[in-house]
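Here the sequence shown is numbered in UniProt numbering, starting from 1 and rising by one per residue.
By construction, these hints were calculated from the structure, which means they are not laboratory data. Heads up, a few of these hints could be off.
Restricting the straight-line Cα-Cα distance to at most 16 Å, the calculated cross-link-like pairs of lysine to aspartate or glutamate (EDC-like) are [to be verified]:
1) LYS442 to ASP538
2) LYS372 to ASP338
3) LYS555 to ASP353
4) LYS555 to GLU312
5) LYS181 to ASP147
6) LYS555 to ASP310
7) LYS309 to GLU558
8) LYS350 to ASP550
9) LYS408 to GLU535
10) LYS148 to GLU52
11) LYS293 to ASP338
12) LYS138 to GLU41
13) LYS489 to GLU518
14) LYS7 to GLU44
Derived Cβ-Cβ restraints for the label pairs, each shown as a range [to be verified]:
15) CYS249 to LYS555: 38 to 46 Å
16) LEU513 to GLU556: 54 to 62 Å
17) ASP434 to ASN385: 18 to 26 Å
The beta carbon of each residue, even a glycine, is placed where N, CA and C say it ideally should be.
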Amino acid sequence: MDYENFKSTLLSQLNSNDSKCLKLIENNKEIIKNNFGNKPENHETVHIFVKELNDLIISTDGYLKTISDDSGKEEIVDFIDHDLKNEKSFLSIIKSDLIKKVLGHPLFEVVLKVFVSSYKFLEACKVGSMGIASSLPKSDVSPYLVDKSGRTALMYAAENSIDIVIERYFKDSKVLNVEDKNGETLLFYCARNPNFVKNDIVSNNPFGNGLIHHSDIDVNHVNHNGESVLVYCAKHDIIKPINKFLVSCTEIDPNIIDNDGKTAGMYLVENGHTYELLRLYTRKCNYDYINSKGESVMSILYQKLYTTKDIETYKMYVRTLNVLMKYQCNFNCPVDQDGNTAFMVPMIVKDDDTASFIAENYKQLDLSIKNKYGENGTSLCYKLNNYKHISNLKGTNSTMDFNYRDPKNQNTLLMISAINNPLAAKKLLEIKPDIINEVNAKNENALIIATKVNQANSIDLLLENGIDINHQDDLGNTALHYAMEMQEKVIVDKLMAKNPNVNIKNNMGKTALDYSHEASNNSNLMEIKNKYKNEICDYLTPYVNNYYPDYQLTKEFEKVNKEMYDRVNGISFNFFCSKWELLGLLVFIIFITALVFIG
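My request is simple: use the sequences and hints to build the entire structure.
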């Protein structure tokens, strides 16, 4: 029988309270001496055995006396001083007679000694007694021991800032990465302790730096919620450890996804920590990740940006948007449940400053991506009369959707721009002159539409570009029919100057001249005009939902936008540099100035 078989059999027999274990010991004295003898090479073996035996005792309620988790300091110290005073007193608190006999066996002398010291070590760390904890020799302590809550001595040491005890085990990956019942390791306990980060001066944080950068701890270990310590800190707004230790760790993985489908970056945005989000870029943080719920850094940012009422909070989120632009994150991604992109939403909520900022600075802007209703960046710019966003684009954007058709009425961009923006219509015709005679679902061309809303400038443009003046819609009417019916003399004159066919009859058998004769006796002229105007203006209604109806671009918000978005080439230095970095820069400038002056 080898040692592993012996250990497995012994623990199994103890678990079932089988007295055959005593005979097992007698028959394997050499194995016990070789593995449990008081020799340096046996320390690890003994420590692990003590841990496994302790697990067995806890699982079978083997202790006669225990200390509850909510016991006071005096109660725990008294327990250490009396019940853990020596091996004999320790045996007296064990409920199982069989375990007492095994631990009291002469061959288990070292095991018992380590067991007592380890339990004393655990309780001392729990109560924050640095004196007792640090006085116990490392060789006599099994740091793997856990109490009923699944915590090790080092976890309690972390809670109570007994750094000197933890530093002993910086190269012991086993104890550093032991999990409690929540799957959390020592690092989580350290991060939760406000004293983990002493202050802003790096040299004043040797313990934290040592643990993160020079120990064998797994900085990417995840708990049962799927959270690494970075995700955990970002989620629970524990920012100092991120700033001082985690983002500077080359091994940190910023893209770990927790059970809620969120990354550290998403939580940082949620809590408005722009500086930390910026620094994660150096660790190749994937800001463009989208989870199964459609959530991303960008979507969370927009939800926060357009629901906050506080000016300082708003400013914080605008800064974050600036950061994402600085790194050219994906502004083409959907940010709401309808599939509207990060460029489309600002137009929907009438945040023109942000829309312009994106159009002018995002190099990969895709204007053809459609939401679930068929609208895209191109169509919104035309329907909402935000043509300036497109006209201000740097360079030539090949994603302009010149073939856009309104999902309901099949209106083209030319028809839409003919209603509200003749300049946009002119640019369209310069690029695609062949679209001049396209028609919509009602068989209307752009000339008929412009006539219905009395858009004289658009009519001039369309006539100059050779639009079919005699085209008839589904009712058989030409543009002249409508102009005559509404008695729009200026429009009639413009149309007549192009020699239209005045004898064309509509579906009712009427010519345009017939309407001219009837109009003089028509008392409902204004009603007719409003009818056509409302009908055509409805063409400009985009197929979108505004999920932020309470958002208003107040003067205060507008001022913030201007301040932030004017910094096109980068983020405010004053915001992103720490006070120490700024102080260092100031000293450097003074020093250089002095040298120049002296020279």
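Each hint, compared with the structure:
Between LYS442 and ASP538 the alpha-carbon distance is near 14 Å, which keeps this suggested pair within the 16 Å criterion. Under the criterion of a C-alpha separation no larger than 16 Å, the hint pairing LYS372 with ASP338 is consistent with the structure, at around 6 Å. Distance restraint check for LYS555 and ASP353: the Cα-Cα separation of roughly 12 Å lies within the 16 Å cut-off, and the hinted pair is therefore satisfied. With a CA separation close to 14 Å, the supplied pair LYS555 and GLU312 stays within the 16 Å bound.
Between LYS181 and ASP147 the alpha-carbon distance is near 11 Å, which keeps this suggested pair within the 16 Å criterion. Our distance criterion of 16 Å between C-alpha atoms is met by LYS555 and ASP310, whose separation comes to about 13 Å. Straight-line distance between C-alpha atoms of LYS309 and GLU558 comes to about 13 Å, which keeps the hinted pair within the 16 Å bound. With a C-alpha separation of about 11 Å, the suggested pair LYS350 and ASP550 falls inside the 16 Å cut-off, and the hint holds.
About 13 Å separates the Cα atoms of LYS408 and GLU535, which keeps this hinted pair within 16 Å; it holds. Note on LYS148 and GLU52: the hinted pairing holds, with a Cα-Cα distance of about 13 Å set against a maximum of 16 Å. A hinted pair counts as satisfied when its Cα atoms are at most 16 Å apart, and LYS293 with ASP338 qualifies at roughly 12 Å. With a C-alpha separation of about 14 Å, the suggested pairing of LYS138 with GLU41 holds against the 16 Å cut-off.
Between LYS489 and GLU518 the CA atoms are separated by roughly 15 Å; this keeps the pair inside 16 Å, and the hint holds. At most 16 Å may separate the alpha-carbon atoms for a hinted pair to count; LYS7 and GLU44 meet this at roughly 14 Å. Range check, CYS249 to LYS555: about 44 Å between beta-carbon atoms, so the 38 to 46 Å window is met. For LEU513 and GLU556, the Cβ-Cβ distance of about 58 Å falls inside the hinted range of 54 to 62 Å, so the restraint holds.
Look at ASP434 against ASN385: about 25 Å separates their beta carbons, and that is inside 18 to 26 Å.
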